[in-house]
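Colleague: Spelled out, the chains give:
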Amino acid sequence: MSKTFSKDDNSVVVIIGSGAGGGTLADELTRQGVDVVILEAGKHHTQEDFENDEWAMFAKISWLDKRISAGGWHHTETYPNLPAWIVKGVGGSTMHWSGLALRFMAHEFKTRSTYGHVPGANVLDWPISYDELAPYYEIAERKMGVAGTKASGLPPMPPNNHYRVIEHGARKIGYKDIVRPVASNTRPHDGRPACQQIGYCMQGCKIGAKWSTLYSEIPRAMKTGHAELRPQSMVLRIEHDKSGKATGVLYADKDGNQHLQKARVVCVAGNSIESPRLLLNSASSLFPNGLANSSGQVGRNYMNHTTAAALTINPGPVYMYRGFDIAAVVSDEVPNNPDRGFLGGYHLEGLALHLPFAAAFMKPGGWGREVSSALEKFDHMSCVWVCGEDLAQEENSITLHPTERDQHGLPIPIVTKTDHTNDAAMRRHGLAQWRKLSEAVGATRVIDMPPYPASHNMGTNRMSEKARDGVVNKWGQTHDIKNLFVSDGSQFTSSGAANPTLTIVALAIRQAEYIAGAMKRREL
Amino acid sequence: MNDDLHQSPAAQEGMRVLEKRVTVSRRAFLKGSGLTAAGVTTLSVGGLMLPARDALAAELTHLGAAIGKTLLVMARDIFPHDKIADRYYMQAIEPYDAKAAEDPALAKLIRDGVAQLDAMAKASFNTPYADVGTETQRLSLLYAIEHGAFFQKIKGDMVTGFYNNKAVWPLFGEEGSSWEKGGYINRGFDDIDWLPKA
Chain D
1 MSKTFSKDDN SVVVIIGSGA GGGTLADELT RQGVDVVILE AGKHHTQEDF
51 ENDEWAMFAK ISWLDKRISA GGWHHTETYP NLPAWIVKGV GGSTMHWSGL
101 ALRFMAHEFK TRSTYGHVPG ANVLDWPISY DELAPYYEIA ERKMGVAGTK
151 ASGLPPMPPN NHYRVIEHGA RKIGYKDIVR PVASNTRPHD GRPACQQIGY
201 CMQGCKIGAK WSTLYSEIPR AMKTGHAELR PQSMVLRIEH DKSGKATGVL
251 YADKDGNQHL QKARVVCVAG NSIESPRLLL NSASSLFPNG LANSSGQVGR
301 NYMNHTTAAA LTINPGPVYM YRGFDIAAVV SDEVPNNPDR GFLGGYHLEG
351 LALHLPFAAA FMKPGGWGRE VSSALEKFDH MSCVWVCGED LAQEENSITL
401 HPTERDQHGL PIPIVTKTDH TNDAAMRRHG LAQWRKLSEA VGATRVIDMP
451 PYPASHNMGT NRMSEKARDG VVNKWGQTHD IKNLFVSDGS QFTSSGAANP
501 TLTIVALAIR QAEYIAGAMK RREL
Chain R
1 MNDDLHQSPA AQEGMRVLEK RVTVSRRAFL KGSGLTAAGV TTLSVGGLML
51 PARDALAAEL THLGAAIGKT LLVMARDIFP HDKIADRYYM QAIEPYDAKA
101 AEDPALAKLI RDGVAQLDAM AKASFNTPYA DVGTETQRLS LLYAIEHGAF
151 FQKIKGDMVT GFYNNKAVWP LFGEEGSSWE KGGYINRGFD DIDWLPKA
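As they're listed, the protein sequences go chains D and R. According to our numbering, the stretch in the first sequence is residues 1 to 524, in order. According to our numbering, the stretch in the second sequence is residues 1 to 198, in order.
Chain R with its partners taken away, still in its complex shape (with noise of 0.2 Å):
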């Protein structure tokens, strides 16, 4: 529990609210994804060496890692959460790998609409979209493509491959399946606080 959380009205009265900021710890980061089980794909020595970003987007050994970046930063500006590392972005991105890899016509999608971004990128800002500096012109190139099926797809996959995430569920306060716990009945469903005395 850090300071603000302690100050909180809730945390006073016992209401669990549950850490949303950011964890940079491994421990932490443990802790607040529940990925301690096993399928969580784990870095190469390689890949250590590298920037963190260059990293997650080499897990797409099949499109490839300059495809990875340009879908990573693309899924971050689709649904910006600053507050959420990239890696939970890259798990809605990176089943597109072994997809395309089986998939000749998404596969095609995927690389046409990357290099169409792209060159929008060089002609506007002289940079791949994954290097151009700002959110605002970053939008201003997928404003441009927004109707086209390229960012459609990604998008609508989006929608359940980012929130349908369980990993990403703390982060949001969604507490997920809770029939295995006992339901709510003695774990808060009437714990609320902050209204005014009726």
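Chain D on its own, in the form it takes in the complex (with noise of 0.2 Å):
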């Protein structure tokens, strides 16, 4: 029962983007009965495209249009034009991510207030707190299918040999907070299949048991005949009148033609990377610096999380990549305990690689032996992700090209980003408690990997109490426009340590009930 609206109809609500944040505020606004458009840069792909191929499905869903790595970031040699690793498609990055659904804690919405003044970093308290969101965690978890979590009601998702040989490790020493919240049917659930441990989850479920929007979010909202998705269309700017306020944006399709579509609210969750480029790409006269850049702050704090990997030769066969793909988690380096030497915390996530990707990302460009000898123990392989807080620096920032521009003629994004003294403290820690962890269970092997290309981005639009620390309030409604909404990760204060598409879905719900209540009431 899909809908279409014209274009001149400026009573709808036009969403950019269709991941976690976008695809989900369309799911919770139709339900409430308001109007939206959703233009996504990508194509429709199925599940039918989906293949268990971790190559194949990086050069079909992958948002590979130019980018440049920039800054004092490893990725400037290893990955200089893929800073970031996320989806170009309908449904977002929900296509290619991991499933892992973790809560931030409640001191990291506070960081400011914990961690005090820190040198070279511009931290900032979110303006709302833990116990505001908890609700709509709740709610998040419910929707999503969170295995294991009383909110879902769904049983945990069952160990596989690569949480058993992790799990192993991290109580022999000493670690108590293992868990593994992951949006994945442990049984049928919301219309969609219980998982059959077929791994290959960040290639797109190819069952549908993992949480995407692709086909829970979007297909629920177009029921309601509330919503139109339109695919291919690439947002090029958003308009406003002169008063200030939005009136629509405009997009091209996939012929490259242009079209205008009015709207009565704007919300922008094209991902960190995305959002405040098309902000930026929007400057008119009134707004010579971007919209919504009263502050100076859309595009900057650009926050990745601080990540590491490492493969570890087990004594015996693992097979990590049996089965769903995240393993077991470790939580106990979370809390913040800056008698380690740094500041945050930081998860020890169980990620499986499948040869290819193993690969590729052990050591770039490293050759020989050192390489060989480690790949030939690829069945005996775990593998873990580091996810840590990423402290934000004003100069780590999405900025536009002078010169180079891309195929819809827009100035193509830039990526600069630096570590923090923090993120390096951190990283080695998180790499030898893993070290440690490994040898616990016999590991003959543990090498120690380059950051790969994060899918987590965050902090382009940070949410802030004061316009003039950050570019959104505690909605998500831009400081400086009162139609014009943020609706993904760039809205983060702080990154926490925690994988950031349960807090987009929580932030969403709630900015939906926010929109729609405004617009009863005629606010917006």
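Incorrect hints may appear among the rest.
[Claimed, not checked] Residues of chain R clear of chain D, computed beta-carbon distances all greater than 10 Å: (1) Thr61; (2) His81; (3) Arg87; (4) Ala119; (5) Gly133; (6) Lys153; (7) Gly176; (8) Gly182.
[Claimed, not checked] Below, a list of computed lysine-lysine pairs in the DSS-like style, where the Cα atoms sit at most 25 Å apart: (9) R/Lys153 - D/Lys436; (10) R/Lys166 - R/Lys153; (11) D/Lys7 - D/Lys242; (12) D/Lys60 - R/Lys166; (13) D/Lys60 - R/Lys153; (14) D/Lys262 - D/Lys7; (15) D/Lys363 - R/Lys83; (16) R/Lys155 - D/Lys66; (17) R/Lys181 - R/Lys99; (18) D/Lys110 - D/Lys363; (19) R/Lys166 - D/Lys363; (20) D/Lys60 - R/Lys155; (21) D/Lys176 - R/Lys99; (22) R/Lys122 - D/Lys377; (23) D/Lys60 - R/Lys83.
[Claimed, not checked] Using C-beta positions, here's what the derived DEER-type ranges look like: (24) R/Thr134 - D/Gly256: 56 to 62 Å; (25) R/Asn165 - D/Pro288: 33 to 39 Å; (26) R/Lys108 - D/Leu260: 33 to 39 Å; (27) R/Asp157 - D/Thr403: 48 to 54 Å.
These aren't lab readings, by the way, just hints derived from the structure by calculation. Yeah, the Cβ is synthetic: ideal placement off N, Cα and C, and Gly gets one too.
Grab the two chains, each in its own frame, and use the hints to assemble them into the complex.
Modeller: See below:
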């Protein structure tokens, strides 16, 4: 019962992006009777298109439009045009996400109060607290079907080999908080089947057991008769009137033809690189520095988590890729404990790779027996991804290239990132703990890997109490333009140590409630 | 199953451990590689009369056998797996032949790169690179060119050309696509047997 809206219909909410933020927002708004037009830059893939093949799916669904890695991080050498590993397509990065649905901890919303002034960083408290978001975390866990949570009622994901080997080592070195809240059905739920332990979760779940807006929120929104989805529609700029109110968006269809869709409200959910890029590209005589940028913070404070990874060669076979991609997750290191030599905390996340990606990520640029002898033990490997708090720094940013243009004639984005000293200390600690854990299982070799391109991008349109410190208020509404919202991870004031998807979904549910209410009250 | 596997605790407990040794019989080769389907380059009758490595190298009809052999030895030295046969390395090299025929810049990069490597080998060891006697000697030559465009190109392509070749996956214990087999829910996702009981 998909609906078609006129491009002159200025009563609709236009949502830019259909991933965790945009897809959820569409579902929640249409549920409340609000009409929405979803503009998605990428194609509309279906599960038919999904293959159990790492490189084939990388080529098929990744956002591969040119971007430039800049700054002091190693990506400038190892991944110069792939600063981030995210998806272009209906469902956005919820196709690719690992499924790990972790909540932030309370202190992670209050980092400035908890850590105090941090030299070289731009740390700020969120304008909301954990307690304010907690009810929305519950709804998100229920919606997404997070296994092992009270909210969903779904049983925990059954342990696979990879889980067991990590859990064993973790317990031996004294870790106790070992968790696995994953948004994949452990029994049929919400019209989707139970997980068959297929693996290749990050290549798009072939059977739809893992939650994705592609096959849950988007079709549900369409069924209400209040939504229209336009794939392959790349938004070029957001238009506004003389008073500074957003009036619509200009976008290019798959043939490059441009259209103007009018709007009552515009919600930007294009991920933390594209969302600020769009606001910057929408500069006008009224807003010469870009929309919603009176603070100068649009595109600033780019965070992608402090990450590291390692492969362990265990004394026996593991076949880590058999079953759900996320194995045991150690949460003991998440609380803030400055005695360790850094602020904030991290998760040790077991995350399976197949042989092709293990070969590509283990030692980029490496060769010889150092590499090949390790890969010969691929079937004995376990793999960790360290996911830790990345402190906001103003200089870490999304900026527009002065000369280079994309296929639509828009400046391409430059992603600048330099580690804070805190990041380096945390990364060292995380890898050392993983080594201990691995040796406790009897590992014969542990290979530290440089961070590979992260899928977690946050902070570039951050929430702030005061308009001068950030881009949006506690509802994700821009401080400068009342009917312009940010609905993705770029709202994050801090990165926390948690994978961002669950928090993006919780924020979108809460934002939808606010937008629908404000529309009814005629405030929007 | 060989005796080693029968004696291993994993095999006794029923955990599926894949045979990863070099297999020599044709039957075992086909079984282990999954190469029973069409699309495998077959050797010509003439090729069968040459030593195996030369026959493989001769598959590069555009670039020629000498370059083919150099690239093959170089590929082995870049990602050495003693248990894996030349053929699998050749499968990563062979696409250069058609690409070089269409891309003069690539053809030049390869021809010049091989010529330089051979010149260095002759200067140091009086023989072309592919015939240099020991791996240590050949590595000394590769270290000298490892930052150059030719080496970087071959090495970079090998990461996917070799490790993303589904035919080599079974030799590493990579079982590949599983959805069509119903995943691992009934096929060993939780069959680890060497951990002490909790």
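Colleague: Does the structure keep lysine 181 of chain R and lysine 99 of chain R at a Cα separation of 25 Å or less?
Modeller: Given pair lysine 181 of chain R, lysine 99 of chain R is violated - Cα atoms ~36 Å apart, limit 25 Å.
Colleague: Does lysine 7 of chain D lie within 25 Å of lysine 262 of chain D when you go C-alpha to C-alpha?
Modeller: Holds, at about 6 Å.
Colleague: With a cut-off of 25 Å on the C-alpha distance, tell me whether lysine 60 of chain D and lysine 83 of chain R pass.
Modeller: 33 Å, violated
Colleague: Holds or violated: lysine 176 of chain D and lysine 99 of chain R, Cα atoms, limit 25 Å.
Modeller: Cα-Cα ~55 Å, so violated.
Colleague: Going straight from one Cα to the other, do lysine 110 of chain D and lysine 363 of chain D come out at no more than 25 Å?
Modeller: 37 Å, violated
Colleague: Would the least Cβ to Cβ distance between glycine 176 of chain R and chain D come out above 10 Å?
Modeller: 7 Å, violated
Colleague: Is 48 to 54 Å a correct range for the gap between the Cβ atoms of aspartate 157 of chain R and threonine 403 of chain D?
Modeller: 31 Å, violated
Colleague: When you check the alpha-carbon spacing of lysine 155 of chain R and lysine 66 of chain D, does it fall within 25 Å?
Modeller: 24 Å, holds
Colleague: Given a hint of 33 to 39 Å, does the C-beta separation of asparagine 165 of chain R and proline 288 of chain D actually sit inside it?
Modeller: Violated - the Cβ-Cβ distance for asparagine 165 of chain R and proline 288 of chain D, about 53 Å, lies outside 33 to 39 Å.
Colleague: Using Cβ atoms and 10 Å as the threshold, tell me whether threonine 61 of chain R really stays out of contact range of chain D.
Modeller: 28 Å, holds
Colleague: Does arginine 87 of chain R sit more than 10 Å from chain D, CB to CB?
Modeller: Non-interface label on arginine 87 of chain R holds, nearest chain D Cβ at 17 Å vs cutoff 10 Å.
Colleague: With 56 to 62 Å as the target window, see if threonine 134 of chain R and glycine 256 of chain D comply at their CB atoms.
Modeller: For glycine 256 of chain D against threonine 134 of chain R, whose Cβ atoms are near 58 Å apart, the range 56 to 62 Å holds.
Checked against the numbered hints above, the structure breaks hints 2, 7, 8, 9, 17, 18, 21, 22, 23, 25, 26 and 27 and satisfies the rest.
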